[in-house]
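> One letter stands for each residue in the lines below.
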Amino acid sequence: MSAESLRDLWLTYQSTVAFIGLNGLLALSVYTTLSCGQLSLAQAGFMALGAYASAVLTLHTQAPFPLVLLAGAAAPALVAIPLGLPVLRLKGVFLAIATIGFGEVIRIFFVNLDFTNGALGLVAIPQRTGLPVIYAALGGALFVLWRIRGSRAGYALEAIREDEPAARTMGIDASAYKLSMLVLGAALAGLAGALDAHFNFMVAPSNYSFGRVVDMLVYAVVGGTTVFYGPVLGAAFLTLLPEVLREVGSRVGLQPGPLRLFVNGLVLLLVILFLPNGIASLPGRLRRRRAGAHAA
Amino acid sequence: MGQQIVNGLFLGSIYALFALGYTLVFGVLDILNLAHQAVFMLCAYVALLLVLHLHLPMFVAFPVAVAAGGLVGLAVERIAFRPLRGRSDSNISGLISSIAMATILEALALQLFGPDVERFPFGVVPDRTLHLGDAVVSELQVVIIAIALGMLAVLTFVLKRTVLGRRIRAVAESPTAARVLGVNVDRVIAASFFVSSALGAAAGVLFGLAFNSVSPDMGRTVELKGLAVIILGGMGSMPGAAIAGFALGLLEVFTVAKLGSSYRDAVAFGVLFLVLVFRPRGLLGAAALREA
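Going down the list, the protein sequences come from chains A and B. Residue numbers are given in this note's numbering: position 270 of the first sequence equals residue 299, and the series is strictly consecutive. Residue numbers are given in this note's numbering: position 235 of the second sequence equals residue 246, and the series is strictly consecutive.
Calculated from the structure, these hints are not laboratory results. Among the hints, erroneous ones may be present.
Cross-link-like lysine to aspartate or glutamate pairs, in silico, EDC-like; alpha carbons within 16 Å at most [to be verified]:
# : chain 1 : residue 1 : chain 2 : residue 2
1 : A       : 120       : A       : 192
2 : A       : 120       : B       : 228
3 : A       : 120       : B       : 41
4 : A       : 120       : A       : 191
What the simulated footprint calls covered on chain A by chain B, stretch by stretch (three residues with Cβ under 8 Å from a Cβ of chain B suffice, anywhere in the stretch; the number is not a length) [to be verified]:
# : segment
5 : 80-89
6 : 132-143
7 : 229-243
8 : 279-287
9 : 293-299
Residues on chain A that point at chain B, a partial pick, calculated with CB under 10 Å [stated by the list, open to error]:
#  : residue
10 : 66
11 : 68
12 : 125
13 : 127
14 : 147
15 : 151
16 : 152
17 : 155
18 : 246
19 : 247
20 : 250
21 : 290
We treat Cβ as the ideally placed atom computed from N, Cα and C, and that holds for glycine.
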């Protein structure tokens, strides 16, 4: 393969590689709250807050990019505290519904905010996000989550996920841990939103609809939510899959949009039915099966 | 004023039908079926296609679409819910698998019908109007409110007075106890999915007629409104869902009249949020929040 065609290939897939990183961050933001057994579907709202905060800073001030990113992560994290205090008392499906409601309220707020052009959103945001920044952010997030695992806090989170009343009896401050993970997840979603805004040139309320959260959840669940790197695997798999399928689909006359949706849904269904711990658990399963075959 | 009450009841009757389907399944299984909105959308298309291509009158197309909705509901239960039964995290994994089913059905609709809004042909929707005091009421509004109230009455009768209804209530109370008493739990759950999805289908066809628009994403907004309704009414409470459906319809119409249309959707979520924070059991829900 010549250098020229390699470069063409890179140019074609550069944005796909960037989206893998961004989607990985978003999937991790869902994972952080799931890691203590809480399903929060407010992540698109958090992402919107981060994206808008950073875009406004860039467009209206001379703030340097690192500061802009910091603000993008901090804004939703600050909102997550007053949200989490009452809402995290809810459990399971009720928490999921409350957070869906919150995400929609944020979206409707931006639709009605004249300062950010309402439903049209902000455009012509300078492109400042590159692959190094995205992957540095992803690497940083993975590092933090890796360090948490196996630490005192990591065991506390696992205990809360398995049995919250028992964890409380053991003296674990479940409320504080749940709130911290919600705040961390909000910060990750906001960071991804800020990076995304400075990669795609624009932010608009329609980017942060309920469908967006569903995408994030699909990445996390398909990748596996019992280990910290699972969500990133899921994001990579499901971001690459449509690229591969586009070729196949165009030959049999299927449009890429519905095909991507269909495959997302099908993969999610198959994983939840047959591989509840996600793709990340696949190697272990295969190893066990082979060991079983040897024994027999 | 009178006009707004009529409009609110009209919108509310569709919300109530939709939310009753949600709450029926939640009451029986403790699982939120997020594929409900896809059934709602799909059956609006079924009615539309029957009218467009087979030239059936609406009063034939409507029951066919409702029955089709029930069958889709049976399929959803079989594929996405039954295999998960007995798993310890079944309420979260069920939620996720129902999202998967919704995505698949929505993708099918997009592929088959395209993303554009389709409309019923002229003449299918009655356009005569009546004057009721100072309110102008269209014939369509009257018919929709009547159908919704009629279905509510039938549903109440089925749940309170028939064998199936008693079995559904028994399974909702305790699946184990119902099984011990000889109830075929799997069959009762399938039946409640059939009824629930038929209600969702009816809401879908009526919604499509009411706004004369059918599109693959029409279920999305109604889905979120439906969540607000079942939370306001109290999870699993059928009368609660019906009352809350009408209440939300009225509230939205009055918000549009007083504050402007862009805040309409915020009302539902404002209500949802306040109820969850201050009175999680809703208007008529069971006393204690279930450990879930």
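> Any CB of chain B closer than 10 Å to the CB of residue 247(A)?
8 Å, holds
> Would the stated hint for residue 246(A) survive a check requiring a Cβ distance to chain B of less than 10 Å?
7 Å, holds
> Three or more residues of the segment 293-299 of chain A near chain B by CB distance under 8 Å?
holds (count 5)
> So is the segment 80-89 of chain A in contact with chain B by the C-beta rule, three or more residues under 8 Å, or is the coverage claim wrong?
That given contact is violated, which follows from only 0 residues of the segment 80-89 of chain A lying within Cβ reach (below 8 Å) of chain B.
> Check whether the Cα positions of residue 120(A) and residue 41(B) lie no farther apart than 16 Å.
13 Å, holds
> With a cut-off of 16 Å on the C-alpha distance, tell me whether residue 120(A) and residue 192(A) pass.
With Cα atoms ~12 Å apart, residue 120(A) and residue 192(A) stay inside 16 Å; holds.
> Would you mind confirming whether the straight-line C-alpha gap from residue 120(A) to residue 191(A) stays at or under 16 Å?
Distance ~13 Å between residue 120(A) and residue 191(A) Cα, so the pair holds.
> Is residue 120(A) within 16 Å of residue 228(B), Cα to Cα?
Between residue 120(A) and residue 228(B) the Cα gap is close to 29 Å, so the pair fails against 16 Å, i.e. violated.
> Should the interface hint for residue 290(A) be scored as holding, given a Cβ-Cβ cut-off of 10 Å against chain B?
4 Å, holds
> Okay, the segment 229-243 of chain A and chain B, do three or more residues pass the C-beta test at under 8 Å?
That given contact holds, which follows from 4 residues of the segment 229-243 of chain A lying within Cβ reach (below 8 Å) of chain B.
> A closest beta-carbon separation below 10 Å is what the hint needs, so does residue 250(A) meet it against chain B?
Residue 250(A) check passes; min Cβ-Cβ to chain B is 6 Å, inside 10 Å.
> Does the nearest C-beta of chain B fall within a distance shorter than 10 Å of the C-beta of residue 127(A)?
4 Å, holds
Hint violations for this structure: numbers 2, 5, 15, 16 and 17, all remaining hints satisfied.
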